[in-house]
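Protein chains in written order, with our numbering: chain X, 1 to 223; chain S, 1001 to 1295.
By construction, these hints were calculated from the structure, which means they are not laboratory data.
Careful: at least some of the hints might be erroneous.
[As the list claims (entries may be wrong)] Partial chain X-side listing against chain S, Cβ under 10 Å, derived:
id, residue
1, G82
2, M104
3, L179
[Unchecked claim] Straight-line C-alpha distance at most 25 Å; calculated BS3-like pairs for lysine-lysine:
id, chain 1, residue 1, chain 2, residue 2
4, S, K1129, S, K1106
5, X, K185, X, K205
6, X, K89, X, K109
7, X, K72, S, K1291
8, S, K1080, X, K73
9, S, K1291, X, K46
10, S, K1291, X, K89
11, X, K110, X, K130
12, X, K6, X, K109
13, S, K1080, S, K1152
14, X, K80, X, K68
15, X, K70, S, K1291
16, S, K1080, X, K68
Computed from a predicted model, the values in this text were never measured in an experiment.
Cβ atoms here follow ideal geometry from the backbone N, Cα and C, with glycine treated the same way.
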Amino acid sequence: MIEMIKVGRSYLPDIQALTDISFAVATGEMFFLIGRSGAGKTTLLKLICNMETPTNGLIEVAGYNINKLKGKKLAFLRQKIGVAYQDFKLLSDRTVAENIAISMEVSYKKPQAINQRVRDLLDQLQLVNKHDTLTCELSRGEQQRVTLARSVANSPRLILVDEPTGNLDASTTERVMELLTRSNKAGATIVIATHDESIYRGSNKRVMELRDGKIHSLARSNH
Amino acid sequence: MNFWFTVFRQAGRNLRQTWASQLMTFLTVSLSVLIFAFFSLVYTNMLGAGSRLNEDLRLVVYLDEEPGPEMQEQLRRKIKKFDDVEEIRFISRIDAYYRFADQLGKDSDVLNDIPEDFLPASIEIIPMKSLRGYNQVKLFSEYLASLPGTEKVQYGQEWVERFYYFTKLLTIVVMLSGMLLILTAVFMVAYTIRLTIMNRQDELELLKLVGATNSYIRTPFLLEGILQGFMGSIIGMSALYALFRWISFHFTGPGLLNLFQFNFFPPIVILGIIFSSICLCSYGSYTSIQKFLKM
Chain X
1 MIEMIKVGRS YLPDIQALTD ISFAVATGEM FFLIGRSGAG KTTLLKLICN METPTNGLIE
61 VAGYNINKLK GKKLAFLRQK IGVAYQDFKL LSDRTVAENI AISMEVSYKK PQAINQRVRD
121 LLDQLQLVNK HDTLTCELSR GEQQRVTLAR SVANSPRLIL VDEPTGNLDA STTERVMELL
181 TRSNKAGATI VIATHDESIY RGSNKRVMEL RDGKIHSLAR SNH
Chain S
1001 MNFWFTVFRQ AGRNLRQTWA SQLMTFLTVS LSVLIFAFFS LVYTNMLGAG SRLNEDLRLV
1061 VYLDEEPGPE MQEQLRRKIK KFDDVEEIRF ISRIDAYYRF ADQLGKDSDV LNDIPEDFLP
1121 ASIEIIPMKS LRGYNQVKLF SEYLASLPGT EKVQYGQEWV ERFYYFTKLL TIVVMLSGML
1181 LILTAVFMVA YTIRLTIMNR QDELELLKLV GATNSYIRTP FLLEGILQGF MGSIIGMSAL
1241 YALFRWISFH FTGPGLLNLF QFNFFPPIVI LGIIFSSICL CSYGSYTSIQ KFLKM
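The whole structure should be built from the sequences, with the hints applied where relevant.
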């Protein structure tokens, strides 16, 4: 699903955020990206969804060189990628339901199907009573869950999640991981950038650690 | 959910969120259309009045003595040498006297003690319709003045000249005001759409990230431009029509305005103005959103 070959990303004047990143994520895999703050996790996710372009190297998503895609082709690929951003990117003047629906509206889903999907997701994330609440009135933990709901709402083939449990308690973290696992079992490839060791420990999933913008280790988590 | 449903909903949301600036733009477009259409209406009516005046155009050549039949034939040939004319009529001194008496009507007895040959003989010339431009008539009159035996040539020079320069000035005013108002309308629409875009930058960026196509993002803004152009021109033209009715109602009857016979635009011109307004506003909107999409 994702292939990165010798990818680098630098910022002016001379900040090297990522250097020589090469790895692949198979279709249907759940993949963890770990590392300290500033290690390059968020930059890597942004490169995968084409929010940023690499300084060098090749990135392929679903067989497409994502940096070469433009116009409709890029839009259609993005409809198949769900992203839960670390800064949430919620529309503060819209309700929770409207924020989640936005990712389905762009692919012209029927209103009834959108409503049903929104209610299901809110139920899974214990946010049913927040359906008509403006997102600016939510706590950070609730905003985080809305972001996550929006990323999985359109049943994307690839889900990129940046720190999904940063503001959540243990039981809500469990619910969030259940939701992601369900999407994964339904066929979605999932890449999770996290600090939270508890969500990947003992999962037998592949974990890649970044340090100072470089791959430090890439192995299965079985301990 | 189909494309148009989403697009209309989005356009409605834009209008609700930025109604104050939308209203200002709408008023600007209305006012621009009103001012431009007003000058155009005055201009077309002046041209109409000019062509009606031209219908009655005749040149009168006053002669120093009455021409005999042979001389009349010579003069006729000389006149036609310049250009073909519709009609050449010789007016003898006696005919001129009786015409004048007719014009005086019941006051014609003032002429009782005046000899019947006190008026000069003249030639009335009605030029061809193709020879009715101001400069052509002027050249023709100069030619007639140079004919032997001519004392004076008259065709209401001052009036024709003033009218000619007035319509020329009006042409410049219409063209300048048209250009300025077109620029104003396009700028205002582009500026309003830019404000809306800035106001909703986060949302538009998110739409791009979740896979909205460019037409999904662009079409609601184009609809706004079309709506502003349509509504603005409808209101502008309605206001002009109300003004036209008011002038027609208050200034009917004998007088200068009655001479001009004010007419409103024919339907095809009204449709043309509305269509142009829609095109210009859509263009303003398109340029703004294209700038954002290229970012």
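**Prompt:** Of the numbered hints stated previously, which ones are contradicted by the structure, given in increasing order?
**Reply:** Violated hints (numbers, rising): 3, 4, 8, 12, 16; every other hint is consistent with the structure.
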